[in-house]
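**Student:** Chain by chain, the residues:
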Amino acid sequence: MSKKINIWVLIAGAVVGIAAVALTALGNPANMGFCIACFLRDIAGATKLHSAAVVQYIRPEIIGLVLGSTIIALATGEFKPRAGSSPAVRFILGAIVMIGALVFLGCPLRMVIRMGGGDLNAFVGLVGFAIGILIGIFFLKRGFSLKRSYTATKVEGFALPFVMVALLALVLIVPTIFVFSESGPGSKHAPVLAALVIALIVGALAQKSRLCMVSGMRDAIMFRDFNLLSGFAAIFVVVLLGNIILGNFSGFSAYLQPIAHASQLWNLLGMVLVGWGSVLLGGCPLRQLILAGEGNGDSAVTVFGMVVGAAVAHNFKLAGSAASLTDGVYSAGGIATSGKIAVVIAAVVLLVISFMNIAKKERN
Amino acid sequence: MREQQLRTVVTFHTTAEAMALEQICKHRGIGGKLISAPRQLSADCGIAWCAPVEETAAIRAAIEESVLEIDRIHEIMLYV
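Respectively, the protein sequence lines represent chains A and B.
Reminder that position 37 of the first sequence reads as 37 in our numbering, one-by-one numbering, no gaps.
Reminder that position 37 of the second sequence reads as 37 in our numbering, one-by-one numbering, no gaps.
A portion of the hints provided could be inaccurate.
DSS-like cross-link-like pairs, simulated, lysine-lysine; straight-line CA separation at most 27 Å [said to hold, decoys possible]:
#, chain 1, residue 1, chain 2, residue 2
1, A, Lys80, A, Lys188
2, A, Lys147, B, Lys26
3, B, Lys33, A, Lys147
These stretches of chain A come out as covered by chain B in the derived footprint (C-beta under 8 Å, 3 or more residues) [to be verified]:
#, segment
4, 139–152
5, 220–233
Reference listing, derived: stretches of chain B covered by chain A, where coverage requires no fewer than 3 residues with Cβ under 8 Å from a Cβ of chain A [what the hints assert, rightly or not]:
#, segment
6, 30–40
7, 48–55
To be clear, the hints were calculated from the coordinates, so they are not data collected in a lab.
Backbone N, C-alpha and C fix where the C-beta goes; we use that ideal spot for every residue, glycine too.
Work the whole structure out from these sequences, hints included.
**Tutor:** Structure below.
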């Protein structure tokens with residue numbers, strides 16, 4: 001069956017790419033115009049859930065993505081409060097996806113943005129991501145399910161949008177209750193209003209188009225449907241062109257890339273966790289934010305799990321450290337032993353969750 | 001030139017139910033295939049079963065007899 005590419009997906013992908021390049025030009029860290037994992041990690045730091053001094057900031061991009069989704073969903077009648085699909089398991093999966101992403105140093109969206117910036121380490125991450133998705137599909141085909149969700153109250157549906165509004169109000173009215181990085185990636189950011197407005201637009205487009213890094217690859221593998229994957233491709237092409245035009249592109253290399261390390265085994269395994277966990281969740285970290293914005297309480301719980309996962313990753317030194325060159329001294333960065341152990345434990349937990357949630361019903 | 005045709009599309013709450021209907025339909029010789037849920041249909045799991053409209057009655061019977069929990073059965077125009 002031939003498929004018609006949904007123009008909204010291409011538009012959303014292109015706008016995400018332009019937004020990523022623009023946010024970097026406006027002050028966000030290199031190859032980090034958007035990164036759901038990094039930005040939730042920064043929020044976890046700013047709210048003192050972890051104490052890594054270089055990654056603490058209330059990222060308006062996260063607030064904008066969620067509220068952009070909420071506004072467009074309310075306007076188009078697609079805001080539907082629902083919840084009740086294995087919330088505790090989703091919380092744990094959210095934490096695992098975050099730990100995997102922070103081992104790699106980026107969510108699937110930043111992986112594509114890094115690829116567009118010429119970071120070859122991200123291509124290794126893509127291989128891991130694809131492997132993780134294949135593992136997830138293996139379990140889907142054997143009946144994996146987190147069970148259905150049910151219609152919920154408006155309070156449930158507005159849970160994450162309300163948290164985002166509260167966060168925005170607090171950071172504008174009493175910013176001193178938060179901590180903000182004075183150096184490192186957390187200190188680099190676009191102006192608040194610009195980041196918020198750009199993210200509102202991207203959030204609305206992502207809701208409208210169903211843009212999702214995981215579903216794109218799942219659909220391509222399972223149904224040969226490249227519709228959502230075309231959004232993925234659009235982000236890569238636009239970011240690549242944007243970097244070339246702005247003079248930020250110096251060829252493809254794995255060496256000393258911005259906020260990245262070259263420990264390829266752990267780049268790969270980190271993204272295996274992200275791909276696998278995201279298939280079980282039914283969407284990538286970006287999609288979880290968008291779904292939570294349109295009233296999905298299960299996705300809100302997943303986002304809370306990701307925030308806690310980020311705090312755990314930094315409190316217990318599981319996150320990757322970036323390669324650096326300081327005063328002529330090169331450091332390869334990479335993963336501490338605690339991080340390597342965490343990846344293995346997380347994979348075992350994913351395996352247990354995958355097997356334990358396979359439906360045993362016989363039908364014909 | 002691609003054409004739109006009227007198709008029967010079944011949406012689900014979970015991917016597992018979608019996979020189950022695929023197996024049941026294969027077992028019963030009912031035509032159709034799993035697809036990414038069309039944008040205009042809201043689907044929790046993002047996957048739907050798409051079949052020629054002539055198969056609607058057989059699909060309904062398979063769902064009822066197998067006590068399968070679905071979201072809805074739609075008839076919509078799709079590119080084929």
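**Student:** Determine for every hint whether it applies to the structure shown.
**Tutor:** Evaluated hints:
For the proposed pair Lys80/A and Lys188/A, the alpha carbon gap of about 36 Å is over 27 Å, so the pair is violated. Among the hinted pairs, Lys147/A with Lys26/B is consistent with the structure: their alpha-carbon atoms are about 23 Å apart, no more than 27 Å. Proximity of Lys33/B to Lys147/A is assessed by CA-CA distance (about 22 Å); at most 27 Å being required, the pair is judged to hold. Coverage of the segment 139–152 of chain A by chain B holds. Counting CB-CB distances below 8 Å, 9 residues qualify, and the rule asks for three or more.
Judged by the Cβ-Cβ criterion of 8 Å, the segment 220–233 of chain A is covered by chain B as claimed, because 5 of its residues qualify and three suffice. Check result for the segment 30–40 of chain B against chain A: holds, 5 residues qualifying (beta carbon to beta carbon below 8 Å, three or more required). Given a C-beta distance limit of less than 8 Å, the hint that chain A covers the segment 48–55 of chain B is violated, as 1 residues qualify and 3 are needed.
Of the numbered hints stated above, those contradicted by the structure are hints 1 and 7, listed in ascending order.
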